[in-house]
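Fit chain to chain and form the complex, with the hints in mind.
Residue numbers (the working numbering), protein chains in the order written: chain C, 1 to 147; chain E, 1 to 134.
Please note: incorrect hints may appear among the correct ones.
25 angstroms max Cα-Cα, derived DSS-like pairs, lysine-lysine [said to hold, decoys possible]:
id : chain 1 : residue 1 : chain 2 : residue 2
1  : C       : Lys-74    : C       : Lys-9
2  : E       : Lys-109   : C       : Lys-50
3  : E       : Lys-127   : C       : Lys-107
4  : C       : Lys-29    : E       : Lys-83
5  : C       : Lys-46    : C       : Lys-23
6  : E       : Lys-15    : C       : Lys-23
7  : C       : Lys-112   : E       : Lys-127
8  : C       : Lys-29    : E       : Lys-15
9  : C       : Lys-23    : C       : Lys-50
10 : C       : Lys-112   : E       : Lys-83
11 : C       : Lys-45    : E       : Lys-109
12 : C       : Lys-46    : E       : Lys-109
Calculated from the structure, these hints are not laboratory results.
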Amino acid sequence: MVNPAIEGKTYPRTSSYLVGREKIREFAKAVFSNDPANLDLEAAKKQGYKDLIAPPTFAVVIQERSLTQVISDKEAALDFSRVVHGDQRFIHLRPIVAGDELTSELKVASVKQLAGNSMVSFETQIFDANQDLVCTAISTLVVRGES
Amino acid sequence: MSLTIGQELPTREFKITRESLVRYAGASGDFNAIHYRDDVAQAVGLPGVLAHGMLTMGAAVQCVVDFLGDSGKVLDYQVRFTKPVLVDAVTGATLIVNATVVEIDEAEKIARIDLSATADGVVVLGKAQVRVRI
Numbered sequence: 001m002v003n004p005a006i007e008g009k010t011y012p013r014t015s016s017y018l019v020g021r022e023k024i025r026e027f028a029k030a031v032f033s034n035d036p037a038n039l040d041l042e043a044a045k046k047q048g049y050k051d052l053i054a055p056p057t058f059a060v061v062i063q064e065r066s067l068t069q070v071i072s073d074k075e076a077a078l079d080f081s082r083v084v085h086g087d088q089r090f091i092h093l094r095p096i097v098a099g100d101e102l103t104s105e106l107k108v109a110s111v112k113q114l115a116g117n118s119m120v121s122f123e124t125q126i127f128d129a130n131q132d133l134v135c136t137a138i139s140t141l142v143v144r145g146e147s
Numbered sequence: 001m002s003l004t005i006g007q008e009l010p011t012r013e014f015k016i017t018r019e020s021l022v023r024y025a026g027a028s029g030d031f032n033a034i035h036y037r038d039d040v041a042q043a044v045g046l047p048g049v050l051a052h053g054m055l056t057m058g059a060a061v062q063c064v065v066d067f068l069g070d071s072g073k074v075l076d077y078q079v080r081f082t083k084p085v086l087v088d089a090v091t092g093a094t095l096i097v098n099a100t101v102v103e104i105d106e107a108e109k110i111a112r113i114d115l116s117a118t119a120d121g122v123v124v125l126g127k128a129q130v131r132v133r134i
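Chain E with its partners taken away, still in its complex shape (with noise of 0.2 angstroms):
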């Protein structure tokens, strides 16, 4: 696979809905109710019921897999979670997906491609980087 630092990949756009919470929640067992009820959210402060981290997480990888073709050449992907992406329940959110190659490693056959997620407009991770194998 031929990469060029600064490469920037095709962006993926995700709509998150209250039916993406709720399949999330099932499919990770992560049924903290902040993630699906109003009225729990906002009992603890919350603006409104907030996607899972992991959710955000989890799809915004899928940008890089898009274009590797093979989830299995993903080795190391981390994020630091800076904002929550509220999901209105009836509009629900836009997450933007961008990636960038950031370092070529020939020798090792590694490269390194930053992220960059925002939610209507709120930067929602940072230090997201993922390691492939090229």
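Chain C extracted, bound-state conformation (with noise of 0.2 angstroms):
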């Protein structure tokens, strides 16, 4: 079970995970992307992008970073083996661009126990490189009760 006192702890900052074009392109096809913003460059740049975008969810892979602290935290005493995902939203104040530098820093929002199972959700914000909010990643993991 989940350590319901590291609700409304926070996470220091990540070090800086620097987009990269091809990881942009790699990630794209991967979720079956067909926009030219994220696979062509002269395409990205005819649509006003100083390089290529990421896809919409691409902010999950900063997001893993800042839970990846969470999961090697032994006061939160969450068991990753038993995690299941429940829910997942992104809020982008713009979109993550090929050359940005991203950290991220994790509050947990809330720990809920239900039915033997724990409900954490987690609140990641993602800044770029002159410190500026890209994006706001929320996350509920549910952790499934030793039966």
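Rendered as structure tokens:
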């Protein structure tokens, strides 16, 4: 069972992640994107972007770097082998662009115990090198209780 | 872009195979073995290898991206994972996504488009809502 005391806890800002153009192409192909702005540099520039933009769910890669901190936090007692993804949301202030150097900071929004399972909600803010907020990722994990 | 409430966007169909799962694992960095090993999936009590929820989420929104022609117009996207997508080693799975315009805010230039996603007839996403710039 996840430790309810981590509700409200904030984890340290992650080290920066440099968004690579080929990483965007790789991710875009993996999610079946046909958007030229994810794949073709000239097309992205024609749309007014300075480089390829990432698909809307690419921010999960950054969120994951913050979640890793929680999973390795002994105080949280979050058993990753029992985790099911409950819900996910991304609120974008602008698209992620190749060349961005992103950091993230995660806060445990809530911990609820329900029918023997724990439901933990996280809010991860993703910032660029200017410290401007790019995206807020909200995720709920369901941790199945030990039967 | 002219949208009307109730407008349905063209359906998109995805063939999800084990190769799709391995590709997504590499692209996303999510190497949980339940997404590519039958023995591990069974050992943790699952009926079989499952697609990453984030692969389903990432693919489903492409129905809207195709229509908008610009993924940068997606401002806010949320889903609830209601049922897993089982991916058979031989036959894979077929994900079918439909999208309907449900709200238009002309002043803010934002529309809400709701998705419905089924895999082999089972509804796999709930509360799948996309807010887009129009």
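Structure-based check of each hint:
For the hint linking Lys-74 of chain C to Lys-9 of chain C, the alpha-carbon distance of about 13 angstroms falls within 25 angstroms, and the restraint holds. Our distance criterion of 25 angstroms between C-alpha atoms is met by Lys-109 of chain E and Lys-50 of chain C, whose separation comes to about 23 angstroms. About 23 angstroms separates the Cα atoms of Lys-127 of chain E and Lys-107 of chain C, which keeps this hinted pair within 25 angstroms; it holds. Of the supplied pair hints, the one linking Lys-29 of chain C and Lys-83 of chain E holds, its CA atoms being roughly 24 angstroms apart against a limit of 25 angstroms.
Taking the CA atoms of Lys-46 of chain C and Lys-23 of chain C, the gap is about 21 angstroms. The hint holds against a cut of 25 angstroms. With a CA separation close to 22 angstroms, the supplied pair Lys-15 of chain E and Lys-23 of chain C stays within the 25 angstroms bound. Distance check on the hinted pair: Lys-112 of chain C and Lys-127 of chain E sit about 20 angstroms apart at the alpha-carbon level, within 25 angstroms; holds. At roughly 13 angstroms between alpha-carbon atoms, Lys-29 of chain C and Lys-15 of chain E fall within 25 angstroms of each other, so this suggested pair holds.
Distance check on the hinted pair: Lys-23 of chain C and Lys-50 of chain C sit about 16 angstroms apart at the alpha-carbon level, within 25 angstroms; holds. Under the criterion of a C-alpha separation no larger than 25 angstroms, the hint pairing Lys-112 of chain C with Lys-83 of chain E is consistent with the structure, at around 21 angstroms. The suggested pairing of Lys-45 of chain C with Lys-109 of chain E holds, with an alpha-carbon distance near 23 angstroms, which does not exceed 25 angstroms. Pair hint Lys-46 of chain C plus Lys-109 of chain E holds up; C-alpha atoms about 22 angstroms apart against a cutoff of 25 angstroms.
Of the numbered hints given earlier, the model fails none.
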